[in-house]
Amino acid sequence: MELLMAILIGILFTAAVYLILSRSLLKVILGTGLLSHGAHLLILTMGGLGGSSPPVLDKGASNFADPLPQALILTAIVISFGVTAFMLVLAYRTYGEHKTDNMNLMRGNDEHD
Amino acid sequence: MINLLLFPIIIPFLFAIVLLFFKERIMLQRGLAVVGLLAALAASLFLVHTVKQDGVQTITLGSWPAPFGITMVSDMFSALLVTTTIVITLLVVIYSFTSIGEAREHYFYYSAILFMITGVNGAFTTGDIFNMFVFFEVLLIASYVLIVLGGEKRQLRESIKYILINVVSSALFVITVAYLYSVVGTLNMADISVKITQVGQPGIITVIAVLMLIVFGIKGSIFPLYFWLPGSYAAPPIPVLALFGALLTKVGVYAIMRTYTLFFVHHTDFTHGLLMILAILTIIAGCIGALAYFDLKQIVIYNIVIAVGVILFGAAQMNESGLSGAVFYLIHDMLIKGALFFLIGIIIYVTGTSDLRKMGGLMKTHASLGWFYLIAAFGLAGIPPLSGFIGKLLIVEGAFQADHIWGSIIILASSLVVLLSVIRIFIYAFWGEPQALPATASQPYKKMMVPTVLLIVLSVLYGIGTEWLVPYMTDASNVLLQPSIYIDAVLKE
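So the protein lines, in turn, are chains E and A.
Using this note's numbering, read the first sequence as starting at 39 and increasing by one per residue.
Using this note's numbering, read the second sequence as starting at 501 and increasing by one per residue.
Do not rely on the hints blindly, as some may be mistaken.
[Said to hold, decoys possible] Computed list of lysine-lysine pairs in DSSO-like fashion (alpha-carbon distance at most 30 Å, straight line): (1) 653(A) to 137(E); (2) 661(A) to 97(E); (3) 947(A) to 864(A); (4) 661(A) to 137(E); (5) 695(A) to 992(A).
[Unchecked claim] Output of the computed footprint for chain A on chain E, the stretches with three or more beta carbons under 8 Å from beta carbons of chain A: (6) 54-68; (7) 109-117; (8) 128-138.
Read the hints as simulated data drawn from the structure, not as lab findings.
Idealized CB from N, CA, C, for every residue including glycine.
Next up, chain A with everything else stripped away, as it sits in the complex (with noise of 0.2 Å):
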């Protein structure tokens, strides 16, 4: 099964096509898109398993041998991401049948999201910086359909300037890889690192290096680049945005966390050292975004940013603890960030506003939806022994081995502010005086809990069986540790 680790890019590609001939059936293309996304997911799983037995699967397109052709690898890190980003949008697409109107249904709704997951799950699995541009294209013009579809006023104002930021970052990422081809002469990625060994790294490579930070970074929203995020990711209808905040940060986070793995690990000094104090003012400034808001979505989408400050700080330790707590955290923070988003989505509806002040008391109405709620806000802070415990605790000690103490003290600071903006959430919504409720019937709402409670069950279920990942999260880490295991995978024939 040579071809296995294509099958999570192709499944939902084949899925998003079928779909386009069906725009009127609305419970066909339901049907279908969980289908496909089941049969991805599969396959997924299949290929942790093969990644865990026979390590790294590469394949080189067209029968090339490796530096020239377009090679696909999977190695554990990219195989979890993967099958985290099915899961995720397997509930996403459940949580939608609900909640996101027939209208939008009828306009390719569930084709944009296989479409996106084509080329969240390319960018993740690809082997060739090039092609890696051209999977980030893919999920993002998917995205800009998903963003503005249903065109409501506020919808078309934000998507422009969404896709305003966009097109800029990706003409940067065209001339960062004709800079990058200009030195190393090669795409692909194992032989860029290999190049990179043999020049020692000069100069115009570091300038590389950061040029990648500014270009991922504004996907990945880090400081000083995320300013685009609240105001856009806030337009679209909430399966959308759970979706978005799930997954389109994190493709940006992956790529640098490859590069700066893989590529520039020469002057770490330098480049890892910028990281770290990037991903610190990410922290900070998401920290004080989470708690000026009385906006429910602005509160969780601020909180993404200070999640990717974690995830970065823990890449840039470049030690055993610091990596594997990295990647720890970022698949618990796709989990549980898809859970938060499920959660307000429901608040939202069962209240119809997102404004915190005008509301109240839903423990008397709503008693499950609060404590699967303070699951939730528990599992983002990182209580033990719920899901963001253990990645952060690995991130700490990885910065404390590095010794960048006051670092830590910063991530760990902010876990307090993280859980003072989420309990707020809860203490504004759930407690006090009961407010009017708009009627709603609560057939829908019964339906939106099913995928959100999965969700939660599912990251309560990784931050426990912590012990039995490890061995998965050890070999992902080890991949990014030493480069040489994914050079040696693809460039052994």
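Just chain E, same shape as in the assembly (with noise of 0.2 Å):
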């Protein structure tokens, strides 16, 4: 199962990264997305995937998931659900003022402003 994951969460850095790397403004917003989701992925792994046991330590329980990584996720994932409305937002304030989503178009400095 953890090797599973393991190729699962590669398989969603890879694609992250592509999208980070195009030019289209959006494509690199859902790739920060994907990078997010791979990340979350990757703390559940870490805990150590608990199997069926429950995340509780009962008494006399032998066996238990760690819950730990379930309540850094939940958190990660409220962060990175802000911060994507955030960049949708700002991005769309961006092609209104540009005229464009090319992240090639979008470079700049002060000499060329």
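Build the complex: two chains, separate frames, hints provided.
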């Protein structure tokens, strides 16, 4: 199971990197979404997949899954959700001002503003 | 007062929320922001006093025992940084009254600043590595608001890049924490340190150390990860730039110093050797940038990069002089960078341009500005008795003790480049033929000078009062030098 998760996380990261390196702003944002999904799955896997055992240590229970990674993922998901929403709005405004979503055309420095 | 160390985090947070309700009432917003920061300043000064008297302060939230609950830890290092942060923010807020413009003030400018301070102080205070990620996000999201507020074409373009870089680095942070958790099975920073000592830092921990360096290096702008900094920082208006330049990169530097003195202390040959080489490359890259531009903002922004290199070079020595020098220099740099950004903000306001080649002769019309600029420039370069001197002296001393002579020579040479880069501004802007100045009212100029002069006076006092500050700095570097003080304070219960 861990191996399967590792491959899945790898695929997610690969796709995320590909999308982030693309020219279209929207694809870049989708890429960051995939990247954070990969990171969240990684936390879950790294905490150990507990199988079918419950995430609580009860009296007499010999086997339990670690509940902490789930709490961490919940926090990280909320944060990445907020940031993605913010980025989408920002991308829309940028598109409105610059009339392009091509990252290549958004270069520039002080001399060429 | 067991909750004392939470006050510098909670008070700005509370005031930020209150400010959200008074969108249209600018005077009230200004007043409340100042009152909130003064209250936070009082709390943080009292915190420094308490830490000096009673040692490291800790609180574990929710009454969980120490390694399980989220611990907040305030040692002298973090208490001093929290205090400096609040002082600088207070002055930035006062500076903003005249320079940020009403349009931005209407759109939650002061709230965003206070939320950012919540995150910065939280990141300085937390004793839990995942909680540090959360506070990083708090300060980053507030900084996204600040960098894009105003919605100019250039701001939007640079904000996209800034946010993208930080989203990727946050994902890397989560990944690193996940790896660390899988190896040591805990998130409490003191407990992580104990666990790493128990297993004797195997290779995988060293890999995590390098990952952490990448994560915090992106935030703290070390070589070769500083590429995003000059473009993004130049986009927002000056008060925001001062806030970012003085505080945000320093949070990354703090995180590197904390993790590299608390966690990864068993194979310093590799980890700290790498840190030192990167620090030196950072200094060199920063020097090249600082000399290459004719734009005021870019010159001072590249000076941030140089300072980050100097501080981390001191931290990489891992001996008493090096670490206390790094602490000295870190706080000095926060003060002096704030002051320099204020000053170039005033120069840009007076001349109406940020291009050095279009300025000249300001000494005839704005003599006091020139003199204060000169003091700040000398302070930045570290001319005794100003504030940069003692930090650099200790860092170089530490490097000599650790037999890193070539590194010390580069540090000393970089001081000259720093001096040259800021004196270039002085020569171009204040000497030479007076240029025609755009018509500006003198009232805002005087009002902007007040916080600027305050900050410069503060940095001069920081340099002159070194002797008086030494006990505090020794306390701060002792915690870095002996992780056991930190660990015992957290895990004693």
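The hints, checked one at a time:
1. A hinted pair counts as satisfied when its Cα atoms are at most 30 Å apart, and residue 653(A) with residue 137(E) qualifies at roughly 11 Å.
2. For a cut-off of 30 Å, the pair hint linking residue 661(A) to residue 97(E) is broken: about 52 Å separates their Cα positions.
3. Distance restraint check for residue 947(A) and residue 864(A): the Cα-Cα separation of roughly 20 Å lies within the 30 Å cut-off, and the hinted pair is therefore satisfied.
4. About 17 Å separates the Cα atoms of residue 661(A) and residue 137(E), which keeps this hinted pair within 30 Å; it holds.
5. Annotation: proposed proximity of residue 695(A) to residue 992(A) holds, straight-line Cα distance about 16 Å (limit 30 Å).
6. With a cut-off of 8 Å between beta carbons, the segment 54-68 of chain E has 3 residues touching chain A; three or more are needed, and the interface restraint holds.
7. Residues of the segment 109-117 of chain E with a Cβ under 8 Å from some Cβ of chain A number 4, which satisfies the need for three, so the listed coverage holds.
8. Proximity of the segment 128-138 of chain E to chain A, defined as three or more residues with a beta carbon under 8 Å from a beta carbon of that chain, is established by the 6 residues found.
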